[in-house]
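**Student:** Residues per chain, in single letters:
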Amino acid sequence: MDALISPLLNGSAQGALLLLAALGLSLTFGQMGVINMAHGEFLMIGAFTAYLVQQVIGSSDLSIPVALPVAFVVAGLFGLLLEVSIIRWMYHRPLDTLLVTVGVGLILQQAALQIFPSQGVPVEKPGWLNGQVTVFGYDWPLRQVFTILLATVCVAALSVWLKSTAFGRRIRATVQNRDLAEVTGISTRTVDRLTFFVGSGLAGIAGVAASLIGGTNSQMGTQYIIPAFLVVAAGGIGQLKGTVVAAWAVGVVLSYFAYWTTGSLAQVLAFILVIVFLQLRPQGLFTVRTRSLV
Amino acid sequence: MTKLRPRLSLFGIGAFALLLLGVAPLLLTDHWLGNLGKYCCWAMAAVGIGLAWGRGGMLVMGQGVFFALGAYSMAMHLTLETAGDGVPGFMVLYDPLAPLPAFWEPFRSAAFTLLAIVLLPVIVAGLLGYALFKRRVKGAYFAILTQALAVALATLISSTIRETGGDTGLSDFKYFFGFVLDDPANRKLVYLITAALLVVCLLVVRQLYRSRFGELLVATRDAEERVRFLGYDPANVKLVAFVGAALMASIGGAMFVPIVGIITPAEIGAAASILMIAGVAFGGRASLFGPALGAMAVGWGQSSLGSTWPDGWTYIIGALFIVVILFLPNGLSSVLARFTAARRSPGEQPAAATATLQLEEAKS
Amino acid sequence: MTDASLVVTDLHVEFSGFVAVGGVSFDAHPGEVRFLIGPNGAGKTTCIDAITGLAAATGSARLGEQELLGRPVHKIVRLGVGRTFQTASVFNELSVLQNLDIAAGRHRHWAALLRTRRDVDPSIVQALEETGLADELATPAGILSHGQKQWLEIAMLLVQDAKVLLLDEPVAGMSQDERTATGELLQRVAAKRIVLVVEHDMDFMRRFATRVTVLHQGKVLSHGTVAEVQADPRVQEVYLGTAGAATTAAMSVVPDVSAVGLASSPAVSAVGLAGSPQTAAGTQQQED
Chain A
1 MDALISPLLN
11 GSAQGALLLL
21 AALGLSLTFG
31 QMGVINMAHG
41 EFLMIGAFTA
51 YLVQQVIGSS
61 DLSIPVALPV
71 AFVVAGLFGL
81 LLEVSIIRWM
91 YHRPLDTLLV
101 TVGVGLILQQ
111 AALQIFPSQG
121 VPVEKPGWLN
131 GQVTVFGYDW
141 PLRQVFTILL
151 ATVCVAALSV
161 WLKSTAFGRR
171 IRATVQNRDL
181 AEVTGISTRT
191 VDRLTFFVGS
201 GLAGIAGVAA
211 SLIGGTNSQM
221 GTQYIIPAFL
231 VVAAGGIGQL
241 KGTVVAAWAV
251 GVVLSYFAYW
261 TTGSLAQVLA
271 FILVIVFLQL
281 RPQGLFTVRT
291 RSLV
Chain B
1 MTKLRPRLSL
11 FGIGAFALLL
21 LGVAPLLLTD
31 HWLGNLGKYC
41 CWAMAAVGIG
51 LAWGRGGMLV
61 MGQGVFFALG
71 AYSMAMHLTL
81 ETAGDGVPGF
91 MVLYDPLAPL
101 PAFWEPFRSA
111 AFTLLAIVLL
121 PVIVAGLLGY
131 ALFKRRVKGA
141 YFAILTQALA
151 VALATLISST
161 IRETGGDTGL
171 SDFKYFFGFV
181 LDDPANRKLV
191 YLITAALLVV
201 CLLVVRQLYR
211 SRFGELLVAT
221 RDAEERVRFL
231 GYDPANVKLV
241 AFVGAALMAS
251 IGGAMFVPIV
261 GIITPAEIGA
271 AASILMIAGV
281 AFGGRASLFG
291 PALGAMAVGW
301 GQSSLGSTWP
311 DGWTYIIGAL
321 FIVVILFLPN
331 GLSSVLARFT
341 AARRSPGEQP
351 AAATATLQLE
361 EAKS
Chain C
1 MTDASLVVTD
11 LHVEFSGFVA
21 VGGVSFDAHP
31 GEVRFLIGPN
41 GAGKTTCIDA
51 ITGLAAATGS
61 ARLGEQELLG
71 RPVHKIVRLG
81 VGRTFQTASV
91 FNELSVLQNL
101 DIAAGRHRHW
111 AALLRTRRDV
121 DPSIVQALEE
131 TGLADELATP
141 AGILSHGQKQ
151 WLEIAMLLVQ
161 DAKVLLLDEP
171 VAGMSQDERT
181 ATGELLQRVA
191 AKRIVLVVEH
201 DMDFMRRFAT
211 RVTVLHQGKV
221 LSHGTVAEVQ
231 ADPRVQEVYL
241 GTAGAATTAA
251 MSVVPDVSAV
261 GLASSPAVSA
271 VGLAGSPQTA
281 AGTQQQED
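Same order as they appear, the protein sequences are chains A, B and C. Here the first sequence is numbered in UniProt numbering, starting from 1 and rising by one per residue. Here the second sequence is numbered in UniProt numbering, starting from 1 and rising by one per residue. Here the third sequence is numbered in UniProt numbering, starting from 1 and rising by one per residue.
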């Protein structure tokens with residue numbers, strides 16, 4: 001029983017963390033077509049923000065709730081800066097954007113390495129996250145439950161924002177037809193900036209969650225960016241629902257693989273699964289329907 | 001001029017060969033000759049990246065995988081050659097009675113090793129490319145998937161200490177196909193083989209770029225769907241370039257092992273793969289010499305600045321990506337091409353990109 | 001060259017519930033310039049997409065004995081079906097000669113691909129003369145004028161030795177002289193090949209069409225000679241209802257108005273066709 005339940009619950013939490021990391025990507029990549037490889041470093045910025053907030057406030061019980069919005073804003077501002085300074089010039093060169101943001105990521109990693117101790121910093125878990133709930137006889141750590149709750153709240157907020165607010169409608173209008181949106185009086189520049197701010201901010205929130213589960217160091221972003229991107233790809237572009245399902249599935253499958261084999265073999269297997277998946281369902285990944293070949 | 005231009009690149013390769021094979025061994029110390037050999041290995045991988053990415057538009061962010069296939073094939077053979085009839089030392093470390101893993105066994109044979117260095121990347125890149133290109137996976141998806149593969153392979157090697165040496169890698173090779181590696185003369189020989197292989201790689205891509213295939217590859221890069229409507233299957237065109245790039249990376253990796261004397265997962269993982277891209281972007285992705293020279297420049301920076309000023313070196317690499325891609329998408333070679341084009345015919349065809357300039361060479 | 005005809009029977013194309021083409025049948029034979037016209041969203045381009053394998057369709061499209069539907073794009077091309085696109089699609093970075101050489105390449109042995117080109121293929125010389133591009137041999141295709149790009153596309157179909165030429169709005173954006181030149185070129189080409197033209201320009205259609213099929217909302221509304229189609233009251237009604245009075249005027253007499261009234265820039269048709277959800281999404285995401 002335990003062999004079935006514990007990877008499922010662990011994997012769900014892992015999937016929730018992955019989802020938090022992928023949510024922002026699904027916004028910036030899915031909606032805007034920008035491949036931001038520095039997204040993982042924005043996550044790292046969120047984690048370090050959690051640490052800094054903890055240093056200022058002192059109480060770990062209080063610091064995490066405070067760190068969440070602060071990390072959102074800090075990482076969001078970094079994203080905004082990136083959009084305004086570099087990405088805005090590169091909307092027509094998606095592959096090149098990928099490489100430029102690789103460079104940005106390298107610089108952010110190195111800066112973090114020099115500012116903070118190289119072995120990383122400890123983010124203290126709040127007292128109210130110590131403990132477990134018992135699910136089917138398995139003691140499920142509250143930290144994992146918290147990650148899942150946080151991811152649920154973020155997904156709900158994002159989908160309400162996209163579907164029900166005027167700004168969300170503007171984003172979707174811009175995504176569907178940029179020229180038409182401009183003609184109807186939408187400032188697409190503002191839309192781009194705000195979308196990037198929110199997308200990067202979500203990475204900051206993911207960073208806070210990640211700091212409670214794993215270590216907080218300059219390299220932590222690199223382990224999230226590839227899986228997060230694969231989740232967005234597997235879920236289908238701009239499909240919030242797809243991202244949620246894919247993140248959960250990847251988390252759980254990885255968890256089972258890791259349970260049966262080893263963590264590293266699980267990664268290799270997951271990669272093979274993605275290739276197979278692309279063979280079976282490439283629909284979300286490309287479009288051929290077009291009237292011209294521009 | 002049009003009669004001369006095709007020759008020009010051949011002269012260029014000739015001069016490059018003379019420098020590498022003739023001048024460098026005379027002037028450089030053993031230490032620097034070894035370093036130059038190392039850069040040549042990276043340059044071979046870079047020439048392949050230029051083919052796949054510069055001409056073919058496939059951003060291969062996981063060339064470390066193919067570099068590893070060649071490198072570990074070679075390293076396993078050299079390790080076994082050093083160990084003689086026994087089992088490599090690092091395996092016995094954990095378990096004195098450890099048997100040799102089955103996949104090591106065939107690498108005792110020199111012929112098998114050489115064959116593996118050539119065939120493994122062809123098979124892996126062939127299968128992977130076939131699966132992805134036929135399903136029209138391209139652009140960022142392709143880039144990320146290849147990078148994911150590099151991450152996965154590096155993780156796999158790191159975690160299998162008993163079979164592959166793990167993070168410490170494979171090292172302490174004494175022989176290279178019977179030659180004692182301690183002997184400076186033999187090391188010079190290894191260097192000469194490496195440099196010669198790099199020259200061969202350049203000659204191969206030169207012919208490819210001048211051929212109809214080269215034109216077709218550029219056409220596929222710029223308008224894949226249009227190529228389909230001319231009756232070609234773009235997947236096959238891309239597959240050839242991708243497999244070619246993988247083969248060059250593998251050969252580079254194979255020579256890396258006797259020259260540097262060690263191979264670890266760090267040399268083939270995501271970071272290493274990205275560093276290979278950096279050189280290509282810097283030199284000029286679509287040009288003939290750009291990738292090789294760029295990779296050698298980055299390699300030199302890596303081994304000099306990278307060890308004396310590691311913090312600054314990371315910033316430099318990061319800034320290089322940003323500045324070069326943002327302002328000089330065709331790398332340094334495009335500056336040169338623009339300069340010479342302007343001198344030849346002032347004001348004329350300023351928009352003609354490097355690719356066009358070089359492809360003009362192919363015209364009779 | 002060939003006596004095989006293109007016969008399309010009961011063609012259906014559906015995009016997630018939206019019926020773009022619902023049971024269209026027509027045929028085209030060598031020796032005639034066949035026109036497919038209709039208001040925006042009538043399914044003209046979709047018919048071509050279906051025949052060339054770009055859109056999944058049911059029904060039948062046969063070239064001689066060969067069924068085209070269900071084959072991948074490049075296999076259909078190898079059977080001799082070539083097409084152009086609303087926006088000229090040439091390889092901008094390559095020269096005119098290189099463009100044509102690639103088009104001529106599918107008959108070559110693969111080993112020939114690895115060699116450098118030493119001479120100009122006779123079929124290319126012929127196509128260059130046919131299309132009047134002989135002086136532009138070394139020009140990068142990207143700096144050709146709009147009309148020249150369209151001609152280059154037609155030249156590419158000629159060296160490709162296509163038995164069927166499917167042309168999607170070949171004169172869009174061309175000057176009056178260029179239109180005439182294009183029309184005459186098509187008439188020459190049609191002597192030995194099947195030429196099917198999708199057009200908005202009624203004047204062009206009237207001057208050069210041998211036979212016409214009018215599509216409306218994915219169905220065949222009328223077909224016959226230019227005169228027969230023009231006389232059809234249903235056709236007049238459709239054009240009155242959708243594209244305005246100027247069109248009807250153009251349909252019947254005044255030749256000059258037509259070019260203005262129905263000049264179909266790609267932008268116009270793209271907006272008009274946004275009714276099909278697939279199209280809007282497809283165009284958007286094709287950007288990368």
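FYI, nobody ran anything at the bench for these hints, they're computed from the structure. From a predicted model like this one, the values you see are computed outputs, not experimental measurements. By construction, the Cβ of each residue, glycine as well, lies at the ideal position given by its N, Cα and C atoms. Keep in mind that the hints are not guaranteed to be accurate.
[As the list claims (entries may be wrong)] Quick list of in silico lysine-lysine cross-link-like pairs, DSBU-like style, CA-CA up to 35 Å:
hint, chain 1, residue 1, chain 2, residue 2
1, C, 75, B, 134
2, A, 241, A, 163
3, C, 219, C, 75
4, B, 174, C, 219
5, B, 134, A, 241
6, C, 192, C, 163
7, C, 219, C, 163
8, C, 219, C, 192
9, B, 188, B, 174
[Unchecked claim] Now the stretches of chain B that chain A is said to cover, found in silico as 3 or more residues with beta-carbon under 8 Å:
hint, stretch
10, 131-138
11, 145-156
12, 267-278
13, 315-327
[Said to hold, decoys possible] Away from chain A, derived, C-beta distances all over 12 Å, residues of chain B:
hint, residue
14, 9
15, 32
16, 57
17, 92
18, 102
19, 103
20, 111
21, 112
22, 120
23, 171
24, 300
25, 310
**Student:** Next, verify each hint and record whether it holds.
**Tutor:** For each hint, the structure was consulted:
Only pairs whose Cα atoms come within 35 Å are accepted, and residue 75 of chain C paired with residue 134 of chain B is accepted, the gap being roughly 14 Å. At roughly 13 Å between alpha-carbon atoms, residue 241 of chain A and residue 163 of chain A fall within 35 Å of each other, so this suggested pair holds. With a C-alpha separation of about 28 Å, the suggested pairing of residue 219 of chain C with residue 75 of chain C holds against the 35 Å cut-off. Taking the CA atoms of residue 174 of chain B and residue 219 of chain C, the gap is near 78 Å; set against the 35 Å cutoff, the hint is violated.
At roughly 27 Å between alpha-carbon atoms, residue 134 of chain B and residue 241 of chain A fall within 35 Å of each other, so this suggested pair holds. Taking the CA atoms of residue 192 of chain C and residue 163 of chain C, the gap is about 8 Å. The hint holds against a cut of 35 Å. A hinted pair counts as satisfied when its Cα atoms are at most 35 Å apart, and residue 219 of chain C with residue 163 of chain C qualifies at roughly 26 Å. Restraint check: the Cα-Cα separation between residue 219 of chain C and residue 192 of chain C comes to about 29 Å, which is no more than 35 Å; the hinted pair holds.
Under the criterion of a C-alpha separation no larger than 35 Å, the hint pairing residue 188 of chain B with residue 174 of chain B is consistent with the structure, at around 15 Å. Restraint check on the stretch 131-138 of chain B versus chain A: 6 residues with Cβ-Cβ distances below 8 Å, three needed, restraint holds. Using a Cβ-Cβ cut-off of 8 Å, 9 residues of the stretch 145-156 of chain B lie near chain A, which meets the minimum of three, so the contact claim holds. Check result for the stretch 267-278 of chain B against chain A: holds, 3 residues qualifying (beta carbon to beta carbon below 8 Å, three or more required).
Chain A is given as covering the stretch 315-327 of chain B, and this holds because 9 residues of the stretch bring a CB closer than 8 Å to a CB of that chain, at least three being needed. In this structure residue 9 of chain B is separated from chain A by more than 12 Å, as the shortest Cβ-Cβ distance comes to about 26 Å. No beta-carbon of chain A comes within 12 Å of the beta-carbon of residue 32 of chain B; the shortest separation is about 27 Å. Listed as outside the interface, residue 57 of chain B is inconsistent with that label: its C-beta sits roughly 8 Å from the nearest C-beta of chain A, within the 12 Å cut-off.
Listed as a non-interface residue, residue 92 of chain B keeps its Cβ farther than 12 Å from every Cβ of chain A; the least gap is roughly 22 Å. The beta carbon of residue 102 of chain B sits about 17 Å from the closest Cβ of chain A, which is more than 12 Å, so the claim that it is off the interface holds. Taking the minimum C-beta to C-beta distance to chain A, about 15 Å, the non-interface status of residue 103 of chain B holds against the 12 Å cut. Chain A leaves residue 111 of chain B outside its interface by the beta-carbon criterion, the shortest separation being 29 Å against a cut-off of 12 Å.
No beta-carbon of chain A is positioned within 12 Å of the beta-carbon of residue 112 of chain B; the least distance is around 24 Å. With a least CB separation of 16 Å from chain A, residue 120 of chain B remains clear of the 12 Å interface cut-off, as annotated. Chain A leaves residue 171 of chain B outside its interface by the beta-carbon criterion, the shortest separation being 21 Å against a cut-off of 12 Å. Distance check for residue 300 of chain B against chain A: the nearest CB is about 19 Å away, which clears 12 Å, and the non-interface claim stands.
Consistency note on residue 310 of chain B: stated as away from chain A, yet its beta-carbon is not over 12 Å from all of that chain's, at 9 Å minimum.
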